[in-house]
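J.: Sequence:
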Amino acid sequence: MSRKLAIAISGAVSLGSYEAGVMYEVLEAIAKHNEKLTENHPDRIEIDVITGASAGGMTAGILAQELLYNGQNLRLPNNNSLFNAWVQDVDIRELLTEHHPDNYKFSLLSSEVVDNIADKYLLDLTNLDTPNKQKKAQGRNAHLSAAKKIYMGVTMSNLNGWDYNISPRNTSGDGQFAYTRYRDRFVCELDDSNDNIEVKLTEISLDNNQWIPMRESNWAILRECSLSSGAFPFAFASRMIRREPGAGEFQNRVDQKYAYTDGGVFENEPLGLAKKLAEWIDHNDNSNMENNDELSRVYLYIAPGNKKSTANQTIGRNEPADLWNTLQALVAAIFHQSRFQDWIIKDTASPIFQVTTTDQELIGEVFSAFGGFLDVRFRFYDYNIGRESARESLIKFSEKNTNLNLVYWQTDEQIPNKNLSAEDWQIQPGVDGAAFKAEFGQLAQNGTLDGLLNTLDRKKRKVIFEQLVKRIDSLIDYFNEKLDTKDAKKDKKPFFNGVGRKNALKPIVSTIAKIFLWKKLSPWR
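First residue of the sequence shown? That's 1 in my numbering, and the numbers climb one at a time after it.
Watch out, some of these pointers could steer you wrong.
[Stated by the list, open to error] Pair by pair, the computed Cβ-Cβ distance ranges are: (1) Q337 to K482: 49 to 55 Å; (2) I166 to D207: 16 to 22 Å; (3) F335 to Q134: 45 to 51 Å; (4) N401 to T310: 21 to 27 Å; (5) R215 to T455: 48 to 54 Å; (6) K396 to T455: 14 to 20 Å; (7) L475 to L37: 56 to 62 Å; (8) Q337 to M240: 24 to 30 Å.
[Said to hold, decoys possible] In silico DSS-like links for lysine-lysine, alpha-carbon gap of 30 Å or less: (9) K308 to K148; (10) K32 to K437; (11) K460 to K120; (12) K459 to K307; (13) K257 to K105; (14) K470 to K460; (15) K459 to K308; (16) K470 to K105; (17) K470 to K396; (18) K149 to K200; (19) K32 to K418; (20) K120 to K133; (21) K136 to K120; (22) K148 to K120; (23) K149 to K308; (24) K135 to K120; (25) K482 to K120; (26) K200 to K257; (27) K36 to K418; (28) K470 to K482; (29) K276 to K308; (30) K32 to K105; (31) K400 to K148; (32) K136 to K149; (33) K36 to K105; (34) K308 to K400; (35) K307 to K437; (36) K136 to K200; (37) K396 to K149; (38) K200 to K148; (39) K308 to K133; (40) K32 to K257.
For the record, the hints were derived by calculation from the structure and aren't laboratory data.
Here the structure is a predicted model, which means the values were calculated and not measured.
The beta-carbon is built from N, C-alpha and C at its ideal position, and this holds for glycine as well.
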């Protein structure tokens, strides 16, 4: 039986470009490895689990479809769907200028751009209404790493929530306990075992450590759930998705529309979800149960940065536990506890391999990981850093497991190294790849927003400045209208001699904001 690989992809915002680079190298290494082996060779490696959160959820959705429908596309380093989605198409100019002012109250960036990208790379193959969809469905070719059944899951944050009610059996009352759940997910079995033109999709749910089928699903639902996982709060609009009645862990979820935001809010590292899926698969696979080889099941965790401790070492020790310090520590504790994974307490029998790097290596890490959206050159650089990070991990893996040599790019007798060639670093013909890597590597090391902005052309800087001013005007209107509406509901007299906050305060606040922006952004305006 083939060796099984479960992949978990964390949230990353614009550093989805880094994760896309990692995925290209991993997939190409497995493809080169598998093409030398027979279908049932024990050293063959197959991907059977893919989970993602936030940006990783969007990547997981695209990856699942491409593995089963467009495998050859994934073998093109600078023209595959993940590269095009995360490097070529998602740029600040489109994210800002394609946004209608009426939508500023829903999001600061354009969700339409994200929809357009999904329309290109995560197709609704349920309805073959365009030549592009028909071509992809009928000319289907699976990637050499794709298992016959792939289990794909994305984390989701349900802003409405749904209730679990408990009725106490006491004699003096009939009160109820109501607990509301907000952590949600979409998990789907993609079945290609019958070699049909269509892949069968079935939504599944966890029930007492067993994944049970809930209902037949489709690519349209998978796409919507993947996009909702990547709907970063405030930057992108929350997405309304109808979820049908659940089963298993979601049995109390009712048939209605729910508002969803970024899946990384409650579960940004979906390794636990991958583990639950993989353990169930392996438990039901007798051949895998009987295989004593520890590499019969492997986990791959992809994230831009290492997972670090968030323990508070100062309060009550180096600083007093006064009201201010307690408030800060409490907010941080609530946030980080929501992301704690219970599985980490237990033993993990199968090895976990991690592909990651440091913040200083990445340009997109600047500005809370939104920096990559500013320019295609930043995303191209981070994509290649992802490739080199993956190569470094593949070298170490192959050194420890000589029968699974995944160092496919080495063509001579020299010691394998992770570095891409100067040609790989050419963002376009005529560019000196080595010089590009050195220049933008220094930019990543400096790690400042001003440094990034100063590399942009004046026209793009002007667009960013103008759009920021428009958003400030719109948001001032929005919040003042909210306050005026609140006063009206309470039958209060409108603010400032009856003219309302919008008309009274906007000129003052808007002028102050514009002066601040002009002064702050003047070096690169």
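J.: If a hint holds in the structure, say so; if it doesn't, say that too.
T.: Hint by hint, here is what the structure shows:
For Q337 and K482, the hinted distance range of 49 to 55 Å is not satisfied, since their beta carbons lie about 31 Å from each other. For the pair I166 and D207, the supplied restraint of 16 to 22 Å holds, since their beta-carbon distance comes to about 19 Å. Distance hint check for F335 and Q134: the Cβ-Cβ separation is about 46 Å, which falls inside the suggested range of 45 to 51 Å. A hinted range of 21 to 27 Å for the beta carbons of N401 and T310 is inconsistent with their spacing of about 33 Å.
Judged by the Cβ atoms, the range 48 to 54 Å given for R215 and T455 holds: they are separated by roughly 50 Å. In this structure the supplied range 14 to 20 Å is violated for K396 paired with T455, their Cβ-Cβ distance being about 34 Å. For the pair L475 and L37, the supplied restraint of 56 to 62 Å holds, since their beta-carbon distance comes to about 57 Å. A hinted range of 24 to 30 Å holds for the C-beta pair Q337 and M240, which are about 29 Å apart.
Proposed proximity of K308 and K148 is contradicted: the alpha carbons are some 36 Å apart, above 30 Å. Our distance criterion of 30 Å between C-alpha atoms is met by K32 and K437, whose separation comes to about 27 Å. Annotation: proposed proximity of K460 to K120 holds, straight-line Cα distance about 25 Å (limit 30 Å). The straight-line distance between the Cα atoms of K459 and K307 is roughly 38 Å, outside the 30 Å bound, and the hint therefore fails.
In summary, the hint linking K257 to K105 is supported, as the alpha carbons are separated by about 21 Å, within the 30 Å threshold. Among the hinted pairs, K470 with K460 is consistent with the structure: their alpha-carbon atoms are about 15 Å apart, no more than 30 Å. Distance check on the hinted pair: K459 and K308 sit about 39 Å apart at the alpha-carbon level, beyond 30 Å; violated. With a CA separation close to 12 Å, the supplied pair K470 and K105 stays within the 30 Å bound.
Proximity of K470 to K396 is assessed by CA-CA distance (about 50 Å); at most 30 Å being required, the pair is judged violated. A hinted pair counts as satisfied when its Cα atoms are at most 30 Å apart, and K149 with K200 qualifies at roughly 10 Å. Restraint check for K32 and K418: the C-alpha separation of about 17 Å stays at or below 30 Å, so the hint holds. Between K120 and K133 the CA atoms are separated by roughly 9 Å; this keeps the pair inside 30 Å, and the hint holds.
Restraint check for K136 and K120: the C-alpha separation of about 11 Å stays at or below 30 Å, so the hint holds. For the hint linking K148 to K120, the alpha-carbon distance of about 25 Å falls within 30 Å, and the restraint holds. Taking the CA atoms of K149 and K308, the gap is near 34 Å; set against the 30 Å cutoff, the hint is violated. Restraint check for K135 and K120: satisfied, since their Cα atoms lie roughly 13 Å apart, inside the 30 Å limit.
Only pairs whose Cα atoms come within 30 Å are accepted, and K482 paired with K120 is rejected, the gap being roughly 38 Å. Of the supplied pair hints, the one linking K200 and K257 holds, its CA atoms being roughly 24 Å apart against a limit of 30 Å. Restraint check for K36 and K418: the C-alpha separation of about 23 Å stays at or below 30 Å, so the hint holds. Simply put, K470 and K482 have alpha-carbon atoms about 18 Å apart, close enough for the 30 Å limit, and the pair holds.
The straight-line distance between the Cα atoms of K276 and K308 is roughly 23 Å, inside the 30 Å bound, and the hint therefore holds. For the suggested pair K32 and K105, the alpha carbons sit about 49 Å apart, so the restraint of at most 30 Å is broken. For the suggested pair K400 and K148, the alpha carbons sit about 28 Å apart, so the restraint of at most 30 Å is met. For the given pair, K136 sits about 19 Å from K149 by alpha-carbon distance, which is consistent with the 30 Å threshold.
With a C-alpha separation of about 55 Å, the suggested pair K36 and K105 falls outside the 30 Å cut-off, and the hint is violated. Annotation: proposed proximity of K308 to K400 holds, straight-line Cα distance about 26 Å (limit 30 Å). At roughly 26 Å between alpha-carbon atoms, K307 and K437 fall within 30 Å of each other, so this suggested pair holds. Restraint check for K136 and K200: the C-alpha separation of about 15 Å stays at or below 30 Å, so the hint holds.
About 29 Å separates the Cα atoms of K396 and K149, which keeps this hinted pair within 30 Å; it holds. The straight-line distance between the Cα atoms of K200 and K148 is roughly 11 Å, inside the 30 Å bound, and the hint therefore holds. For the proposed pair K308 and K133, the alpha carbon gap of about 43 Å is over 30 Å, so the pair is violated. The straight-line distance between the Cα atoms of K32 and K257 is roughly 44 Å, outside the 30 Å bound, and the hint therefore fails.
Violation of the numbered hints given earlier is confined to hints 1, 4, 6, 9, 12, 15, 17, 23, 25, 30, 33, 39 and 40; the remaining hints are satisfied by the structure.
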